[in-house]
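Using the hints provided, position chain B relative to the given structure of chain A.
There are 2 protein chains.
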Amino acid sequence: MSESFTTPPKNFTDNPVVKLQLAHRSIRAYQDRAIPEAVLADLFEAARHTATSAFLQQFSIIHITDPQVRDAIYQVSGQPYVGGDKGELFIFVADLNRNARIREHFQADLSALSRTNLFLEAAADTYLAAQNFVLAAESHGLGTVYLGSIQTDPARLVEVLELPRYTYPLLGVLVGYADQEPQYKPRLPLEFLKHQNTYQGRQQLVADLGEYDQHLQSYYDLRDTSKPVGAFTKRIASMLGQGAAEQSPMLAVLHQQGLCLE
Amino acid sequence: MSESFTTPPKNFTDNPVVKLQLAHRSIRAYQDRAIPEAVLADLFEAARHTATSAFLQQFSIIHITDPQVRDAIYQVSGQPYVGGDKGELFIFVADLNRNARIREHFQADLSALSRTNLFLEAAADTYLAAQNFVLAAESHGLGTVYLGSIQTDPARLVEVLELPRYTYPLLGVLVGYADQEPQYKPRLPLEFLKHQNTYQGRQQLVADLGEYDQHLQSYYDLRDTSKPVGAFTKRIASMLGQGAAEQSPMLAVLHQQGLCLE
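Line order of the protein sequences matches chains A and B. Using the UniProt record's numbering, the first residue of the first sequence is number 1, and each one after it goes up by one. Using the UniProt record's numbering, the first residue of the second sequence is number 1, and each one after it goes up by one.
Just chain A, with the same shape it has in the complex (with noise of 0.2 Å):
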């Protein structure tokens, strides 16, 4: 519980990887710099050769450049920090039509591509791609931030990014030149995430969780911001489930994509 909010956590090496992946923080803010091309093309290079489901390669990034289209994604999120033009933005689209296009091609049938399990696949390469992305992006020395916020109206995304059949936007990421240095955010320490041959739940979680909560909460008052905030235990039982992003229609959304329909 001796983590510094101010330097990343330390490795138990010196490996430079894991130094950098200790180091993440989200990023907020970014300067009005523009990334070299170069650059860029690495992480698209990152992403791309990220392992995938059976050989499947079922995910697609669309980099939003557009002003109108980001003004759009803005409102989805509702989150300031995604408007304006400072730092790139990122879509990552789990996406199951290519590969329909190709069985409608071979006269194939397209019914497994309906399947809960055909789309926890998909998932599966957007995400290992987007955090893959993203450290690239962090290796490159810029910031970066997930936007889970725009699952606050996946419908609306849907639309505004034309997105097709059998595909589902399912994570945005901002990437930029830092203009913050936000502090370390401490994380549950591994003995709650870690477990030995079976899932071992503890007789009494939340009070074993006291000593993170307090460390949580001198995190939150030491933070420049307005927002009230609890320690871990508190914000869970308070907070979970209600956010906007948490309330959207997903599932409707998943099925009108025909998705997860069985």
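Rather than coming from a laboratory, the hints here were simulated on the basis of the structure. The reader is advised that the hints may include incorrect statements.
Pairs involving identical chains hold if they fit within one copy or between any two copies, as the list cannot separate such chains.
Unchecked claim - Calculated lysine to aspartate or glutamate pairs in the EDC-like style (CA-CA distance at most 20 Å, straight line):
{"id": "1", "residue 1": "10", "residue 2": "138"}
{"id": "2", "residue 1": "86", "residue 2": "159"}
{"id": "3", "residue 1": "10", "residue 2": "37"}
{"id": "4", "residue 1": "234", "residue 2": "213"}
{"id": "5", "residue 1": "19", "residue 2": "138"}
{"id": "6", "residue 1": "234", "residue 2": "88"}
{"id": "7", "residue 1": "194", "residue 2": "37"}
Just chain B, lined up with the frame of chain A:
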């Protein structure tokens, strides 16, 4: 289309992290050699500090060290390399149970946890952390392979791992010192994955994929395997959805776990 199968794809800069990302290959044969504790600790730290949706931290990692549990997972996956004792086996679990237990403690209702929105937030946490874990392993000179094959019998996996309500095992990962030197499998050219502002379908998708099909066919032809394989488009037409992992009752098991009900 000039990518070699024997050297990793080249990046556009001399960035060492991206170079590592582009050198990814699945490793399915491991030496009988233990991973140092400090290295394993690094992998867990990398996973723990990955970005997390709405700071809900909804994932767990189960390290499989009991030969009987490993054998049961091997039976589920049907992949010979999952059996035996080479490489370390980890199961990445979408874990909403921890937060459910916290909410129970505070008498908060649990209905949000059954929404697809919350499950996909947990899935994002789990997959992003898995990719950081895998890249951390690769940065330590280890080989890795994702095991989507654990989806062949998720109900059995829930039983073996004693997974409580509100958890679901998304991915297996095998990590160890490589005992093989596989070739680099060529990925879809970027133009098929990358879009600008809106999703752009192709009029002649299968024709456009002809060159890639040929390139991938030469990769398969050179591979030392007895399996009959086809080019990309033919493989999508004939094999997509046919695997045991793609035909399992995943949605029923998610529902049984209290997830994705609405």
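Run through the hints listed earlier and report the numbers of any the structure violates, in increasing order.
2 and 6
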